[in-house]
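Novice: Chains as they are written, first to last, in the numbering used here: chain A, 43 to 516; chain B, 43 to 516.
Please note that the accuracy of each hint is not assured.
No distinction is drawn between identical chains; accordingly, a pair holds when it is met within one copy or between any pair of copies.
SDA-like mimics (lysine to any residue), calculated; alpha carbons at most 20 Å apart, straight line [claimed, not checked]:
{"hint": "1", "residue 1": "K147", "residue 2": "S98"}
{"hint": "2", "residue 1": "K401", "residue 2": "R391"}
{"hint": "3", "residue 1": "K63", "residue 2": "F51"}
{"hint": "4", "residue 1": "K515", "residue 2": "A117"}
No lab work stands behind these hints, which were simulated from the structure alone.
Chain by chain, the residues:
Number of protein chains: 2
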Amino acid sequence: MKEFYEKIFKEIDSKYEEHLKRVQRLIRQPSVSPLNIGIRDCAELVKDMFLEIGCSEARLVETSGNPVVFAKYNANAEKTVLVYMMYDTMPADEEGWIVPPFEGKVIDMPPFGATLVARGAFNTKGPLAAFLNAVEAIKEVTKELPVNLIFVAEGEEELGSRHLPEFIQKYQSELKKADVLFFPTASENRRGKPIIHLGVKGIVYFELELSGEKWGKGPTKFGIHGSNKAWIDSPVWRFIHALSTMTTNDGNKVLIESFYDKVAVPNEEDEYLLKELVKTFDEETVKEQLQIKQFIDDKHGIDALRMYLFSPTLNINGIWSGYIQEGTKTLLPHKITAKMDVRLVPNMRTEDVLPMIRKHLDKHGFKEVEIRMLEVGYNPARMSYKNKYVQALIKAIEEMNKKPEIWPTIAGSAPFSMFHDPPLNLPFIEGGLGHGGLAHSPNEYLVVGEGGPTSGLRTLEKSYVAILYNIAKA
Amino acid sequence: MKEFYEKIFKEIDSKYEEHLKRVQRLIRQPSVSPLNIGIRDCAELVKDMFLEIGCSEARLVETSGNPVVFAKYNANAEKTVLVYMMYDTMPADEEGWIVPPFEGKVIDMPPFGATLVARGAFNTKGPLAAFLNAVEAIKEVTKELPVNLIFVAEGEEELGSRHLPEFIQKYQSELKKADVLFFPTASENRRGKPIIHLGVKGIVYFELELSGEKWGKGPTKFGIHGSNKAWIDSPVWRFIHALSTMTTNDGNKVLIESFYDKVAVPNEEDEYLLKELVKTFDEETVKEQLQIKQFIDDKHGIDALRMYLFSPTLNINGIWSGYIQEGTKTLLPHKITAKMDVRLVPNMRTEDVLPMIRKHLDKHGFKEVEIRMLEVGYNPARMSYKNKYVQALIKAIEEMNKKPEIWPTIAGSAPFSMFHDPPLNLPFIEGGLGHGGLAHSPNEYLVVGEGGPTSGLRTLEKSYVAILYNIAKA
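This is chain A alone, in the form it adopts within the complex (with noise of 0.2 Å):
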């Protein structure tokens, strides 16, 4: 076996000029979807670059939002593939990038050594691209691939993913073949020790407003002149009102009726994952690179990871009302409006999130208070630590003498729950070694040389070459 990866590994490091090519090709075509700019030349260039590697057949799908680019590689293998990935990123209009988010540079970062700083560099479409290379590599070395691939890459998961729900139903029956979802990702810390995550958090996102138009009460169009606050009533604390309902004082309670009740508690798998977890947990290291001074009621270790990963919460992202420039403007505002999720845990539904706050409100006499879905959601998902593609997953990170951090969940979200829920009902894993951050963040970056703490873009290869040949054996 170690034979075998050599060859392979051998020519993935001859083609390393060749491979970061690949990868900038993809990076220097903008595709962000928040701004809907250059996505559809991104799907062409996807589509290509499926082709390009060997797929039978990739096209282009429509949906009501930003196509799919589905792909088919038939490699007559017993085990198939559906890989799941994104072409779509965040904006880059943030100050203080360092190289043109668009260029594809890389350059020296210490301490990671050669790193390609980029919009898409981490989130995802680097991963995206060193699969491929991956894939082209296996087939230069071995001729034929260990499995099937099915390739799924949607240009919408910066939007929620919102009308990927709408290609499954079209595409049920051949997504159906697939045995595992796979989602490549640079799962090591600043350190190089790989996160294994074996499932996500679901989320509602949605926006609360109180305006004086639907109130029927205090200004109606437009904010007036605050001296006014005397005699017409004040949307503003009226909303402050409802939020306050909604917590214990602290915030961290959620008092919303039904909130918990179909919280799952973390089973025997789950408490001995943490249990192992909380051995390598670096507390001290999340609290500098969050810059946070405790974890709620001062929590450490375990109870804090408990928390963190089984707890659903109720957030506010932001809220606005008024006047909020420098110095002094009198005002009695029309409207206040704030951004606010919930993550759902694991036997939490999304749809049952929406009703339950508007029956909170309706309870509390806020029934003026609106509610506006903004993205569709996704339910949790989760997968048990002992089915055979989370192993083969583990085991190809052992191959390549990594020793995982294996996390019952991320407290993040992902559209994993639209394969893994009915009617596909697949397991997946997500994973790779190498290391990118900043995601949604000024000078996003994946390590691409060897020689820091993390692995580079050669490794993160090899990594998924390793886990394509244990999907197979699983």
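We have chain A; now place chain B onto it with these hints.
Specialist: Leaving out everything else, chain B in the frame of chain A:
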């Protein structure tokens, strides 16, 4: 008397073009104090204008902020009028101006006719220049003024007159020579009815802020990924709870201890004035102008007026935190800020406000919420209807064949207390016929023609003549 006015009025009519030019000259010199644009040039221009109309002395008095233009006109008269003015304006960078805001253009604006549309046209460079025109016209006809004048034109009214107390302190002995303070305005409503306000409310303007940095909980330096809510405190939720303790559920009664303790209840004179006022108070027009459907608790007539004029308020002018652009971004924000003000009614004092709020927050366990004073504030100020200068103002309006509507106070704020309180103890009046609007907004205007429902520039100047002569006789 009629004959006597007639000569001066004829002079004003004949000089219309010249007078309008003086107004335009002042408007065309930007003097935007919040953005520090053109302030000193405008102060110099105002000084020159004081000298032009025959002041024996005019100069810029330096303060720690913008200069006060101080001027004197000695007519060897019995009475001395302190004319309080401001030469600064709000910015004009809003969208929607139909003419450039510093071009000083006169356009036809139905139903008013010829109207000057410009930043400062109404608030208050228009009335300032018009007053100088009136003074010049009197001198041209009679060779002398009926009163001595002391001019105080400040350049920081839009910044809360923050250095005016410094000037008053320094020029105390000069200012004490005045018998009354007069603030020239254009006080007709849209239908041409002149409104006299016998007072102003006071104001204290401040920001409340809760940051993770100061709290020691939540994100401290920047917003972090929203999934962290599961194990990290939210300054936003905490702040919502802090705010919610401050008012009743409807936002209308302030629950801060001692808030209402010093509030003076409407006295006999107030009630008399309210009863008179309600006879002409046009509730529906007010609601239409403000685009509101009802007053608080759907109050009407005298009850609504009593609430409007005699209630202190705690208002949220603006509030903001986290992600407030289009679409979705998950974020756990590190701080939240609200711009707030308290309006003070008679007997309340600016210096009591912030300690009261500090005490409230501490008492409710919100020591981590910071208070940042933005404006030193004004105390409330009131004049009795029976005061001889108030009577002189009313008589002047009546001589101009208009019947004023008399309001015990306005719900807004102005720095009259700085002159009315010790050490100066000056009575004050404000007024003038004519109409303007959209102060602080795009297309601020002052009606200059006389054909429409309101008075124009000529009548405004004539009303100042009548006011000065009536003050002389008071």
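Novice: Measure nothing new, just compare the shortest in-copy and cross-copy C-alpha distances for K147 and S98 to 20 Å and report within, between, both or neither.
Specialist: neither (32 Å within a copy, 71 Å between copies)
Novice: Could you figure out if K401 and R391 sit no more than 20 Å apart (CA to CA) within one copy, between two copies, both or neither?
Specialist: within (16 Å within a copy, 44 Å between copies)
Novice: Up to 20 Å between alpha-carbons, please classify K515 paired with A117: within, between, both or neither.
Specialist: Classified as within; 15 Å inside a copy, 107 Å across copies.
Novice: Given a CA cutoff of 20 Å, do K63 and F51 count as a within-copy pair, a between-copy pair, both, or neither?
Specialist: within (18 Å within a copy, 84 Å between copies)
Violation of the numbered hints given earlier is confined to hint 1; every other hint is satisfied by the structure.
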